[in-house]
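*Asks:* So you can see what is in the structure, the chains are spelled out below.
Number of protein chains: 2
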Amino acid sequence: MNDSYLKFVNSPFGERLARSLGLPKPEVLRRYRADRPEFDGLIAIGAGREPRLFDALAKLVASVGMTSVAHDSAPAWVPLATRHGLMTGRFEPAESGSAGKLAALLFDASGIEDSCQLEPLYRFFHDTLRSLGKCARIVVLGRPPEACASPRQWTAQRALEGLTRSLGKEARRGSTANLVYVADGAEHGLDATLRFFLSPRSAYVSGQVVRIDASAPENPAAAAPFDWRQPLAGRRALVTGAARGIGAAIAEVLAADGAHVIGLDIPSARDALDATIGQLHGSALTFDIAAPEAPAQIAAALDELGVDIVVHNAGITKDKTIAKMTEAAWQSVLDINLTAQERIDDALLAGGILRDGGRIVAVSSISGIAGNPGQTNYATSKAGVIGRVQSMAPRLRARGITINAVAPGFIETQMTAKIPLAIREAGRRMNSMSQGGQPVDVAHTIAWLAQPGSAGVTGQVVRVCGQSLLGA
Amino acid sequence: MNDSYLKFVNSPFGERLARSLGLPKPEVLRRYRADRPEFDGLIAIGAGREPRLFDALAKLVASVGMTSVAHDSAPAWVPLATRHGLMTGRFEPAESGSAGKLAALLFDASGIEDSCQLEPLYRFFHDTLRSLGKCARIVVLGRPPEACASPRQWTAQRALEGLTRSLGKEARRGSTANLVYVADGAEHGLDATLRFFLSPRSAYVSGQVVRIDASAPENPAAAAPFDWRQPLAGRRALVTGAARGIGAAIAEVLAADGAHVIGLDIPSARDALDATIGQLHGSALTFDIAAPEAPAQIAAALDELGVDIVVHNAGITKDKTIAKMTEAAWQSVLDINLTAQERIDDALLAGGILRDGGRIVAVSSISGIAGNPGQTNYATSKAGVIGRVQSMAPRLRARGITINAVAPGFIETQMTAKIPLAIREAGRRMNSMSQGGQPVDVAHTIAWLAQPGSAGVTGQVVRVCGQSLLGA
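Going line by line, the protein sequences match chains A and B. If you count by this note's numbering, then the first sequence holds residues 4 to 475, one letter each, in order. If you count by this note's numbering, then the second sequence holds residues 4 to 475, one letter each, in order.
If several chains are the same, the list does not tell them apart, and a pair holds so long as it fits within one copy or across any two.
In silico DSSO-like cross-links for lysine-lysine, where the CA-CA straight-line distance does not exceed 27 Å:
{"id": "1", "residue 1": "104", "residue 2": "28"}
{"id": "2", "residue 1": "137", "residue 2": "327"}
{"id": "3", "residue 1": "323", "residue 2": "137"}
{"id": "4", "residue 1": "137", "residue 2": "104"}
{"id": "5", "residue 1": "137", "residue 2": "28"}
{"id": "6", "residue 1": "10", "residue 2": "104"}
{"id": "7", "residue 1": "62", "residue 2": "104"}
{"id": "8", "residue 1": "28", "residue 2": "327"}
{"id": "9", "residue 1": "28", "residue 2": "323"}
{"id": "10", "residue 1": "327", "residue 2": "104"}
{"id": "11", "residue 1": "323", "residue 2": "421"}
{"id": "12", "residue 1": "327", "residue 2": "421"}
{"id": "13", "residue 1": "323", "residue 2": "104"}
{"id": "14", "residue 1": "28", "residue 2": "10"}
{"id": "15", "residue 1": "421", "residue 2": "10"}
{"id": "16", "residue 1": "421", "residue 2": "321"}
{"id": "17", "residue 1": "137", "residue 2": "10"}
{"id": "18", "residue 1": "62", "residue 2": "137"}
FYI, nobody ran anything at the bench for these hints, they're computed from the structure.
Based on the sequences and whatever the hints tell you, model everything.
*Replies:* Next comes the structure, spelled out in structure tokens:
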């Protein structure tokens, strides 16, 4: 759970030593704290031709209370921002020595329809990247390529992925870069997602591509005045594997965001579960989720009040190369990590216990994307989780239920603390943050997907990996 | 172009030294040679419940002339193989010390409909992986998840990705592992693809997922007796950037496979182009593809005889972090690597110069998938190439034209020879083969996609990266 190198190189002596030896200096990431402002500092705005999202963005920037500056590429921003009562000015490149004044860069590429119109992206990031502060946020907004009218437009929009991922790798110093594709008609539904990507809540989420689609029914909660500090107020959330580690962090964050948490874990973890859940004034359930009768029992236990949010976090590893793996090790990992999720969802959906407008978030893994030696069982189960999310999303749309996966990379837990030092160090540093993530990073990502305002985000996989180099 | 470590650790002294120091020992990969048998050795067959592809597989294994052994999971194979006049037997686990007898593992997972039916995959690979020889081939066959009737089936099929990628990372010693999703009704169209993945032609292609769909019209060439040693006989192929490096290798392989090659390069590369193309009895064209008039001029030059295959290989790099990049460096990379491809295809398609049943293959890059610091321009262009392929494929289907991308990872060329040693060594070793690929590896992958028998493969991106760890 402890990255002592990170602490060392951020001490006065360690910083000097690391600099003189040319060692990497991971930044101490700025994370969300309820007692500190979530958004502050300057946000620079850039745009390609005919930016279609400016209205929605101006409302958002006004609502989070940041001050904006318009880059040359975005002349239409200033009058619009003024209309929204937004503090704004023109971007001036930082003098040498005065770098670090920008907290966020936002580029609206939604109007770009051809590869020969990509040049404003170059100009904006060429001019602004040097002025970026530590732990800053880069967000590029576009249109979902697959919904574009022409191949040229699809191509230009798809090109944004290569740019955004490269920016994430160039920005360093704890900054993130993400790409949000907003479908035509989904402009009203981008607040929850953009707030997440601009917030310290997304400290360890970088290099990701998220789509917001318009097909979800308008959510009444999103229209009403909304307390963004308690986005899950009034919601009931089931979290499996909640006793310890990432599951406990998920329970804590969902509770802090206003949800009533029902923590579930195996009977042998009862004491730890009670300790975790007790502090949160939640409820505790103990079941072995792989048992044949468990789904019906869980459904029965939740029947009276139902749930709005289901987080499938429970999972195990039993690592061995497949030649040395026992059949029991294969089967138990598949049963707990994959099949149990399917069976529990079937029971909760069939009985209407997961209510319409509900949210399912399943924990996958970077191993499920890239494969991992010694984890044929785990990677198979976690790739299956991705299939679950992709296959169920269209079927649940009519009920307003979303289903998404988060795929953690290297997260500092008791599990990773047991990895031999050299391998652990490699895993920690092989990402744009040069460090492992914290359980709370996974938890905040899940909390964003669980919000009422995330109605347009479904069937997707979001990595919480600090833009790990590993992938496929 | 020279991996001296690879040569050293495969010398008698270097091998001993590497072993005693615990250093990685990359295998010298077995590559295709016209004067050696393309397929030989034993292939072990495994299957899940109700394997749907056995008929097609038995025909294929018979036609390549391999000897098969049936694993316990595939009892139906023996009588079927006998009917096809195929040498076959039962798989017996290698005695300790006699490992290394299997040249290929083939698992038919097409009938698996639920995550609780995945266990035969464990049994097959648990039993056989130890008996795998060097530079062996692992192919898992399934159904395209997105076409599955139920979420359960989709999930189970999608889970195969995590398994296959993990197997690629466990197998080592020059072996590859790939996953082929065969659509219902596409069984007749899998020969070209399976031959590629079983052949030494795919030496550096691992961890890939390829879909074969049924929507392509039946190809008459595939039905007629077919010379698999000259699969491109009678075809005319345009290759851009053909003077040197990967482009020259593409021209050579397409010509060796029977195509008439029209090599194109910039006027200043005329001598090198003539030297490359002259040996192949092809034709040479010199144009600056980024010039506004080039597409029309290329179309005019090809008008009389037309072309069947277009390989968009021409590309440049101008690396700098975006803050230091000039606008000219941004724009020329976008113009040449992306916009020129779009404009040339428009000209060739509009005039019917690329004939119905044609093949377009565009060179992308692992940088276009994962992003790369110092390559915002290049990664944007190469991500755009992926968008091009995805957007054009459905529109070209009616004409029987396919369009696909190959995405090279670390390939040993003059370009990579200029990378500083430490970075070059890291790039070379960070993949399942622990070495860079050769230009010929990219060329063979393109040649497979260009075959008449690849009619069912379109809109896809195939990495030629030795299962690089890098990704997204």
